[in-house]
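2 protein chains.
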Amino acid sequence: MTQAAKSFRQTPLQDKAAAYFKDLQERICAAFEDLETEGATFECTPWTKTPEEQLKGGGEMRLMRGETFEKVGINFSKVYGEFTGKFAKEIPGTTKDDRSFWACGVSLVAHMKNPKVPAVHMNVRHIVTAEKAWFGGGADLTPSEEFAEDTTFFHACFKEACDSYSPDAYDKYKKWCDEYFFLPHRGEARGIGGIFFDYLEDRPEETFAFVQAVGEAFIKAFTTIVKRRMNIDFTEADKHTQKLKRGRYVEFNLLHDRGTRFGLMTGGNTEAILMSLPPEASW
Amino acid sequence: MTQAAKSFRQTPLQDKAAAYFKDLQERICAAFEDLETEGATFECTPWTKTPEEQLKGGGEMRLMRGETFEKVGINFSKVYGEFTGKFAKEIPGTTKDDRSFWACGVSLVAHMKNPKVPAVHMNVRHIVTAEKAWFGGGADLTPSEEFAEDTTFFHACFKEACDSYSPDAYDKYKKWCDEYFFLPHRGEARGIGGIFFDYLEDRPEETFAFVQAVGEAFIKAFTTIVKRRMNIDFTEADKHTQKLKRGRYVEFNLLHDRGTRFGLMTGGNTEAILMSLPPEASW
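Top to bottom, those sequences are chains A and B. My numbering puts the first sequence at residues 8 to 290. My numbering puts the second sequence at residues 8 to 290.
These are computed hints drawn from the structure, not numbers from a lab. Where hints are given, some of them may not hold.
Calculated pairs, EDC-like style, for lysine to aspartate or glutamate (alpha carbon to alpha carbon, straight line, at most 20 Å) [claimed, not checked]:
#1 A:LYS227 - A:GLU167
#2 B:LYS120 - A:GLU287
#3 B:LYS139 - B:GLU97
#4 A:LYS166 - A:ASP205
#5 B:LYS179 - B:ASP209
#6 A:LYS120 - B:ASP209
#7 B:LYS123 - B:GLU223
#8 A:LYS227 - A:GLU97
#9 A:LYS246 - B:GLU287
#10 A:LYS23 - A:GLU33
#11 A:LYS246 - B:GLU243
#12 B:LYS246 - A:GLU287
#13 A:LYS56 - A:GLU243
#14 B:LYS246 - A:GLU243
Only a predicted model underlies this, so the values are computations on that prediction, with no experimental measurement involved.
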């Protein structure tokens, strides 16, 4: 199957996943705008790959700088094309003769003005290569001041989504998250964790339902936590602590995050990829 | 020659280079403290590698947060040991049977409070492996607002140092610098350049004299520029522009800088390696 053929013969599940991801992006944006006190709204920047570029497709970056969300980026993208030689080997289901892929997802990072509100990351994606199709995703929370109540609630929301999918999913994906979002050069975790999963290729319809449950759990978990904390007083010292924590976030994203490095090294959209970086960070 | 033997049989040139680098660190610190208006001084943190760690030796980190220098780190280090398998292949003069090395140098990054004063980086080093011994180093300037006079003067100082060494040195090392300090994912240079050189193994005594000339050129070039600009008025907008430029600096150091990645991936001193990161950066 050629890359061109694959691009145009999208399966019903690919269609449904893409439609869900786009709708999820829009609903999250609406929910976040509702939390803004001065009427801030998302700025939308659609982008398409030019025919000269290796990848085809496009997406939409949405960025808001407000009073509650100091900086939040929510990207939707649907791209397809062929992996180049050295990367193809790392991608499941890519064969010597067919390096085509299709990838669609939503990726989100929010950095909050009030340091009592944690930063958050969420991503859900569906990827199709010559011989495999899978879902991946996750969400993790990075408080600069931890509230046990928030940690417990965040994990409980995702546990509920996981339990509907498989009895061992939560333990497995929580552990995966802890292992992934770890800064070896600092010997410390990025935050208080969450869930992380990838390469889920069995039971595609049930897995898609799980991915949707993760998207919904994210909205519930994070908007609840923001409402709890956004109006608490904070000091300059709290803000400085938050900026130092954000410095670690930058270190993780640029030194270790596979998605960031993969995107930048393969000629992805730099602005979209680095939308995850905080508005202000300190070292 | 075993690693232990090499460590203890230091050549006279290694001794002289190490002594010069330590003295250079101290003289730069003194020159920078002289530029402080409120009496800020460097905080010195000596460090040694523990016997359990792969590397032996140690160094001294010096860090100052003042009124002129918002954050400046100057590290001296002298370490020796053996490269581990995967890195050994990348290092000139390392053989299958002898992966020992000795490395000594000074590394400096200064981020300035007044955005009219450029950030600067300087490094000089001497490295010895089983079959090779070489010098490397360089200096480059990163203004957030460029003054043509400073750019010209900075380059002139290093051209003078280069001309005393070899007629084609300046052109060659300036080009090397432009190529090295480039952010491919942004399609932009880190700053206005300077010089960069590595693997200089011929004429060791003349090369050491050149490296000393580079150290002296740095002191002259940068202290002159700081004095010119440190008292110019600036706006909040200038400061914001500086913080955005620093964001790019962080991107370069964490995504591309070979020294940073090499240090972190080989278990170097994280605090010393990441001393180069700015006090505050924005995206």
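Comparing the hints with the structure gives:
1. A:LYS227 - A:GLU167: The hint holds at about 12 Å.
2. B:LYS120 - A:GLU287: 16 Å, holds
3. B:LYS139 - B:GLU97: Distance of about 13 Å is within 20 Å: holds.
4. A:LYS166 - A:ASP205: 17 Å, holds
5. B:LYS179 - B:ASP209: Between LYS179 (chain B) and ASP209 (chain B) the Cα gap is close to 16 Å, so the pair holds against 20 Å.
6. A:LYS120 - B:ASP209: Violated, at about 56 Å.
7. B:LYS123 - B:GLU223: Violated: LYS123 (chain B) and GLU223 (chain B) sit about 23 Å apart, past 20 Å.
8. A:LYS227 - A:GLU97: Status violated; Cα separation ~35 Å.
9. A:LYS246 - B:GLU287: Roughly 12 Å separates the two Cα atoms, so the pair holds.
10. A:LYS23 - A:GLU33: 15 Å, holds
11. A:LYS246 - B:GLU243: 19 Å, holds
12. B:LYS246 - A:GLU287: 12 Å, holds
13. A:LYS56 - A:GLU243: 43 Å, violated
14. B:LYS246 - A:GLU243: Cα-Cα ~19 Å, so holds.
Checked against the numbered hints above, the structure breaks hints 6, 7, 8, 13 and satisfies the rest.
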